[in-house]
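Go ahead and model the full structure; you've got the sequences and the hints to work with.
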Amino acid sequence: MPPGLELIGLRRRFGDVVALDDVSFEVDEGTLVGFVGPNGAGKTTAMRVTLGVLQPDAGEVRWRGRAVDRIARRRFGYIPEERGLYPKMRVLEQLVYLARLHGVDRAAARTSAEEILETLAVADRSRDRVETLSLGNQQRVQLAAALVHRPDVLVLDEPFSGLDPVGTDVLVDVLRRERRERGVAVVFSSHQLELVERICDRVVMIVRGRIVADGTIEDLRASRTRRLVRVEVVGAPDRWYESIPGVRLDGEGSGALALELADGADEQRVLDLARSVGEVRHFSRIRPTLSELFREVASA
Amino acid sequence: MSERAPSDRGTWRLVASREFWVRIRDKGFLISTSITVAVLSVFIVLRAYGGGVGSFDLGWVGDGALAERAAAIGQRSGVDVTARSLPDGDAAEAALRDGSVDAVVIGNVQDVRDGTAIVRVVSGIPAQLDQLVQAAAIGLRIDGALADADVPATTVEELENQHPVAASPIEVPDPDRPAKASVAFVSVLLLYGQLFGYGLWVATGVIEEKSSRVVEVLLSAIRPRQLLAGKIAGIGVLGLLQLIVIAAFAITLATVTGAIEIPAATLWAAALTVGWFVLAFAFYASLFAAAGALVSRMEELQNVIVPINLIVFASFLISIGALQDPGSTMAVVASLLPMSSALAMPVRIVLGSATAWQIALSLVIVIVSTALLIPLAGRVYAGAVLRTGAKVRIRDAWRAAA
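Protein sequence lines correspond, in order, to chains W and A.
Under this note's numbering, think of the first position of the first sequence as 49, with each following residue one higher.
Under this note's numbering, think of the first position of the second sequence as 1027, with each following residue one higher.
Note that these hints are calculated values from the structure, not bench results.
Heads up, the beta-carbon is just placed ideally off N, CA and C, and yes, glycines get one too.
There may be inaccurate statements among the hints.
[Claimed, not checked] Listed next, the stretches of chain A that the computed footprint assigns to chain W, with coverage defined by at least 3 CB atoms under 8 Å from CB atoms of chain W:
no.	segment
1	1036-1048
2	1245-1254
[To be verified] Residues from chain W that face chain A, not an exhaustive set, calculated with beta carbons under 7 Å:
no.	residue
3	Y134
4	P135
5	R148
This is the structure:
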């Protein structure tokens, strides 16, 4: 498969602050990539560099194997961190204008804008000025602005922030459809990690300007250094597990224990011991959520 | 989805078209046009019907000798006095009150000689008319005295009909000079209003995009310079169109009301005004745009445009001064400098003071300096327009766009 969007060795400093430190990752066509990291980690900077509104000190952005220029970026759609539309311009008029700035002709721009407003359930507001819309509807129009020229690449900075659950569902549907039907490469940043875990094909994690994880959720889980098991034993003495070297209590709640197993500690031995000291009601590996992985990586 | 050829050269036209159409529908545009038209109409109508200097209506009650004599003297010295008969004192008062006469002389020749004739006025008599009436009265008395001394009436008439003592000017005066000065004054006023008003519109337009953050969406699709060029072009075309409409309206109104005494000079002045607006607007709009890009909120705009405002206003004042003395050193210098030539040069041209080489030099200077200024201002704009928050220093903006 040919490469889709590639960020290659991006570096950017703001004074003494290193915002991007050799950032590289890819977003293939037809994939949905979640871009996560703590506040100030460099997500927005990386996205602004991708869209060309900020110049990197080093590195480049490629699309389908070629360095992107302004013409190539006409096929990109963007929601910036700081939302922005002309407040006094009418919704439809504004979308048509933005589509035309991306090189779409007038008739096609209008058809596309009307379709997208329909999809996003704001078609009834198309004659209204943007400033008269609720924040949620403005957010939908902002998304429409990113989609109206039918881009091949979507770069969305916190697209879910400020959306209610219904708006979130609409946006998820739209992103999935764009990916499925048009093979769009989508990268979006978010702090809603459950959502990222649920909808993304891949996750890229950035901390202090460096990419610290990049892969599917399963990849991330597999690469994790900590192993945890959840054990629920009835009738066992306190701290029964301490007789096995390398086993440590990580937490407990509702009658179950979370045990962390160091390298070399065999989970089957733990199970055997548990059975010997009491009645085992539950024994499982703990599959870390993205939030847990995130906390581990971010605090490392 | 249909797409154009992969070039974005025409993008600035899309921007210009949006600027034009959004603003032509703006209430502010409608209001500013209406105010300009109203002010101009008042000026023209006042000029047409204000009576002006050197044109009087003089009524008379009695034998009319004094009024006729005053009119005759006026005619010889280039003052237009229309004498007309009124039946009595009440009619005279009514005519004075409704403004159809400036003064009414009451009395016969004998009353003039006796010193009992009077000039009836509303509250005061124009000095020029007063001088004519007094001279006519003296003339009538001398006539009487000469007749008493048996000097033949033909000799008296001969003496009176001799040419007045003519003024012999060192410089040949232009009889149209006052009219031309009025036309030039209106041109300067209009140009000043357009340059300042539309330049300010460019600055506020830049800030509007910055403060609403839409600029980041725009600049993910187009280059800063395309956005800048489109904005200046769109607003400039609107300003030009408004100027042409106002000029056409003013000329039509002035022609209809008879306020224009020199159609050729007026049309020439209108053409100069429009032409110089194009040049000067490009110059000032790039300054206003760069200044606007340095700040993020409308409240901060005043701080950054003060220097530009001062330059525009000083140019305006100097140009008004040039109406009096278009050949002064200051007027000549102002008509050559790029920031003030648009206001000062049309004045000097209309008044006939500018030489051909000065006009040519002035054009070259404004075109060259605008061509140099646009990329500089464009760079400051590009370096500053995406930086929100605190005011951006020009030096930082310059470096950021490197």
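Results of checking the hints against the structure:
{"no.": "1", "hint": "1036-1048", "in the structure": "holds (count 5)"}
{"no.": "2", "hint": "1245-1254", "in the structure": "holds (count 5)"}
{"no.": "3", "hint": "Y134", "in the structure": "5 Å, holds"}
{"no.": "4", "hint": "P135", "in the structure": "5 Å, holds"}
{"no.": "5", "hint": "R148", "in the structure": "5 Å, holds"}
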